[in-house]
Amino acid sequence: MFVTNASRGLPRHRSRYPAERYTRWALRALTALLVLATLWLVVAFHLRGQWMFSLLFLVLGASLAIVFGRRELMSHRYIFPALAGMGVFVIFPLVYTIGISFSNYSSSNLLSEERVRAQFLDQTYQAEGQAFDFRLVREGNRTRLYLDAKGAGDLEGMRRLVSEPLAHAVEGQPLAVESAEAAPSGEALGLREVIALRDRLQSLTLVTPDGTELKMAGLRSFAPMLPRFAENPDGSLTDRRDGTTLTPDHERGFFVTEDGERLTPGWPVSVGLDNYTKIFTDPDIRGPFLQIFVWTFVFAGLTVVFTLAVGFLLASLLQWEHLRGKALYRTVLILPYAVPAFISILIFKGMFNQNYGEINLILENLFGISPDWFTDPALARTMLLIVNTWLGYPYMLLLCMGLIQSIPRDLFEASAVDGGGPLTNLFRITLPLILKPLTPLLIASFAFNFNNFVLIALLTEGSPDILGASTPAGTTDLLVSYTYRIAFQDAGQNFGLAAAIATLIFLLVVGLSALNLRLSKVKV
Amino acid sequence: MAMVQPRSIRTRKLGAHLALLGFVSLVVFPLLLVISISFREGNFATGSLIPERFSLEHWALAFGIPWERPDGTVVQPPFPVMLWLWNSIKVAVVSSLMILALSTTSAYAFARMRFQGKAPILKGMLIFQMFPAVLSLVALYALFDRLGQLVPWLGINTHGALILASLGAVALHIWTIKGYFESIDGSLEEAAMVDGASTWQAFRHILLPLSVPILVVVFILAFIMSIMEYPMASVLLLDENKLTLAVGAQQYLAEHNQRWGDFAAAAVLSGLPITLVFLLCQRWITGGLTAGGVKG
Numbered sequence: 217m218f219v220t221n222a223s224r225g226l227p228r229h230r231s232r233y234p235a236e237r238y239t240r241w242a243l244r245a246l247t248a249l250l251v252l253a254t255l256w257l258v259v260a261f262h263l264r265g266q267w268m269f270s271l272l273f274l275v276l277g278a279s280l281a282i283v284f285g286r287r288e289l290m291s292h293r294y295i296f297p298a299l300a301g302m303g304v305f306v307i308f309p310l311v312y313t314i315g316i317s318f319s320n321y322s323s324s325n326l327l328s329e330e331r332v333r334a335q336f337l338d339q340t341y342q343a344e345g346q347a348f349d350f351r352l353v354r355e356g357n358r359t360r361l362y363l364d365a366k367g368a369g370d371l372e373g374m375r376r377l378v379s380e381p382l383a384h385a386v387e388g389q390p391l392a393v394e395s396a397e398a399a400p401s402g403e404a405l406g407l408r409e410v411i412a413l414r415d416r417l418q419s420l421t422l423v424t425p426d427g428t429e430l431k432m433a434g435l436r437s438f439a440p441m442l443p444r445f446a447e448n449p450d451g452s453l454t455d456r457r458d459g460t461t462l463t464p465d466h467e468r469g470f471f472v473t474e475d476g477e478r479l480t481p482g483w484p485v486s487v488g489l490d491n492y493t494k495i496f497t498d499p500d501i502r503g504p505f506l507q508i509f510v511w512t513f514v515f516a517g518l519t520v521v522f523t524l525a526v527g528f529l530l531a532s533l534l535q536w537e538h539l540r541g542k543a544l545y546r547t548v549l550i551l552p553y554a555v556p557a558f559i560s561i562l563i564f565k566g567m568f569n570q571n572y573g574e575i576n577l578i579l580e581n582l583f584g585i586s587p588d589w590f591t592d593p594a595l596a597r598t599m600l601l602i603v604n605t606w607l608g609y610p611y612m613l614l615l616c617m618g619l620i621q622s623i624p625r626d627l628f629e630a631s632a633v634d635g636g637g638p639l640t641n642l643f644r645i646t647l648p649l650i651l652k653p654l655t656p657l658l659i660a661s662f663a664f665n666f667n668n669f670v671l672i673a674l675l676t677e678g679s680p681d682i683l684g685a686s687t688p689a690g691t692t693d694l695l696v697s698y699t700y701r702i703a704f705q706d707a708g709q710n711f712g713l714a715a716a717i718a719t720l721i722f723l724l725v726v727g728l729s730a731l732n733l734r735l736s737k738v739k740v
Numbered sequence: 014m015a016m017v018q019p020r021s022i023r024t025r026k027l028g029a030h031l032a033l034l035g036f037v038s039l040v041v042f043p044l045l046l047v048i049s050i051s052f053r054e055g056n057f058a059t060g061s062l063i064p065e066r067f068s069l070e071h072w073a074l075a076f077g078i079p080w081e082r083p084d085g086t087v088v089q090p091p092f093p094v095m096l097w098l099w100n101s102i103k104v105a106v107v108s109s110l111m112i113l114a115l116s117t118t119s120a121y122a123f124a125r126m127r128f129q130g131k132a133p134i135l136k137g138m139l140i141f142q143m144f145p146a147v148l149s150l151v152a153l154y155a156l157f158d159r160l161g162q163l164v165p166w167l168g169i170n171t172h173g174a175l176i177l178a179s180l181g182a183v184a185l186h187i188w189t190i191k192g193y194f195e196s197i198d199g200s201l202e203e204a205a206m207v208d209g210a211s212t213w214q215a216f217r218h219i220l221l222p223l224s225v226p227i228l229v230v231v232f233i234l235a236f237i238m239s240i241m242e243y244p245m246a247s248v249l250l251l252d253e254n255k256l257t258l259a260v261g262a263q264q265y266l267a268e269h270n271q272r273w274g275d276f277a278a279a280a281v282l283s284g285l286p287i288t289l290v291f292l293l294c295q296r297w298i299t300g301g302l303t304a305g306g307v308k309g
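Keeping their order, the protein sequence lines are chains E and Y.
The first sequence maps to residues 217 to 740 in our numbering.
The second sequence maps to residues 14 to 309 in our numbering.
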């Protein structure tokens, strides 16, 4: 252990070696560039109104500048990159998730209020009263549209308009029209030819020199597209079609009509503890949530028990000195650990297939039964436990083998002298002695299986579903996969609710890891 | 134990071998089955463990080569497996190298230097390491979605985002490397520093060359973890030709169109190298895994 000279505050000397001096300057330039880049991100996010991200990069850039700018923090330069990685990709998401859990962020409340307002202001409608009669005029092989304002209506003083030749129209782009004194020379097409060209005309957008767009409104007329909403000084919007007003409701994050109807899309607003109260009081959410909560505990607990039982028994067999071929057995027995989980889980998914999976083929031939592994809740849960025990016991095997090695041999000799058999040895000597050092690892294993998302996602995807749930919820879902489904599956995409459940899991995990830290007596 | 009767030992030995063999067959059955299926004709699971009608069709498709059946129909590969494997390897190599760089330097500071806030930072890392990334997926998605609007190569559906997101998982590796550094005597570095080497030089030229074994192990560990990473990749990657193997492979067993045979070949092809690497390095890998848990 030492304290660096820089951290002690000793001055730095100019290096004798030019190469070293250049390296130092290059490093300083790199730091400055990184700081500038994060500052750019800070400003860009700030301009977009995303203050959370702006703040994140402000903290990142500032700490970068401080740690690499002050010589006393020399030691911290070594740990800064790793801490920055954890900060941005573990701690920030955690804080952000907790933040979301107090909001109604979801697929219907996704964009910021400004963007929602802009979307409403972008909406247009066809002004029937200001329609133009149109004629198609052919001149040589060029066909133009000639528009003539009917009645009193005119558009910014323009009564007669002539378009560019139709052949110039590019798909998806508006066709320009210009003010004209009189109809262009040429022959006007009859109604039948107009009908033949109807699809073409309907897809056409005309644009006047001042930017107003016109669309076909009938077989004889084109009408200008006018912005549907006008913004009022107090922030409300007036619908020009029927004169009604939309007022922004900052409590709920929606524009509401005069009779209280919400219009989507809305924007995210803080809803306080709503998501949490929903979990515990809304019967359509509370029921599935509690069921999944209990199953998650059962699943994690049973997995630990089963994997430990299998791993411990195998380990005690393998440490028996009279047994030959131990190395080979060991290698084969840890195979499930060595094969990538996403492959072995999928292998089991195929093998458990109800109609043509191998397991049902064998069961059919031997016992004449063919269980519905994926549609019966109890069987689906059994299958998950079988597969997870297969996947997880090698870890316990390795742990137990290591711990059994460290038990003093003379204990077993003493037991043999007193006439103790192998079972006595197992339950009176081995198990009590390894259980204590094993406990923190069992807790870690519990926490891991508590959050074993990959198994559920690849094997059952939570199915079979829980009936009557208002959110996607399955009988084999764990809390994590439930959260994932609420956030990313189906139309609902209720990020706020998902974040609230995630926050509850965070609290559980904090408890588990604090317990773990105490039991394992970490020495720093 | 010499006092125990030899005869009972023999029966017990036999019993132990039988029990172990029975268990081994349970463990190996699914793996052998998949190898067998990959050489079997058709996409259904009928037939014996040793294929009766041998066919290389699934293997050819897994390698991305169109396969002509005896009746003249040409089968196109259903999914770009080799591309997925390449994506996985690309992401895994880059992210493992970055993780290695980050965790080695911080492990050095934690193992050798005395500075403010060391103990709380180390403990805090252990607690945060237990949070599964699945839970903060919404936040990570939002982060990369917004970041992608400013820096396109870090947006959703890029490998850059996936690599960057994996940099959060360094705590375990820091603990592993730190343990190894602490087992190396510091006197060599001290001697170097007395002779005028800077902290960085002592680290770079004395300690690093001595720690190559642990660096290899951590690299492999990070590599395997990255190859197997599922949740983040499933949310951050969208296009079929951007997917990593862990996310893509499940498409073989879609609800209504199970390609059991094609899956088997792809699984063996991609799973075998990873399994072999793991078995070859298992001594160090398991040592690292359990050390990360027991000591830290």
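Be aware that a few hints might be false.
[What the hints assert, rightly or not] Short, incomplete list of chain E residues facing chain Y, as computed with Cβ under 7 Å:
{"#": "1", "residue": "Ile-314"}
{"#": "2", "residue": "Leu-544"}
{"#": "3", "residue": "Leu-642"}
[As the list claims (entries may be wrong)] With a Cα cut of at most 30 Å, we get these calculated BS3-like pairs of lysine-lysine:
{"#": "4", "chain 1": "E", "residue 1": "Lys-542", "chain 2": "Y", "residue 2": "Lys-103"}
{"#": "5", "chain 1": "E", "residue 1": "Lys-652", "chain 2": "E", "residue 2": "Lys-542"}
{"#": "6", "chain 1": "Y", "residue 1": "Lys-255", "chain 2": "E", "residue 2": "Lys-652"}
{"#": "7", "chain 1": "Y", "residue 1": "Lys-131", "chain 2": "E", "residue 2": "Lys-652"}
{"#": "8", "chain 1": "Y", "residue 1": "Lys-255", "chain 2": "Y", "residue 2": "Lys-131"}
Hints are computed from structural coordinates only; laboratory data are not their basis.
For every residue, glycine included, the Cβ atom is placed at its ideal position computed from N, Cα and C.
Verification of the supplied hints:
Using the Cβ-Cβ criterion of 7 Å, the hint placing Ile-314 (chain E) at the interface with chain Y is not satisfied: the shortest such distance is roughly 9 Å. Interface hint status for Leu-544 (chain E): violated, as the beta-carbon distance to the closest one in chain Y is roughly 9 Å, over 7 Å. Violation of the interface hint for Leu-642 (chain E) is found here, the shortest Cβ-Cβ separation to chain Y being roughly 13 Å, above the 7 Å cut-off. Our distance criterion of 30 Å between C-alpha atoms is broken by Lys-542 (chain E) and Lys-103 (chain Y), whose separation comes to about 37 Å.
Distance hint between Lys-652 (chain E) and Lys-542 (chain E) is fulfilled; the C-alpha atoms sit about 26 Å from each other, no more than 30 Å. Restraint check for Lys-255 (chain Y) and Lys-652 (chain E): the C-alpha separation of about 46 Å exceeds 30 Å, so the hint is violated. About 28 Å separates the Cα atoms of Lys-131 (chain Y) and Lys-652 (chain E), which keeps this hinted pair within 30 Å; it holds. Our distance criterion of 30 Å between C-alpha atoms is broken by Lys-255 (chain Y) and Lys-131 (chain Y), whose separation comes to about 40 Å.
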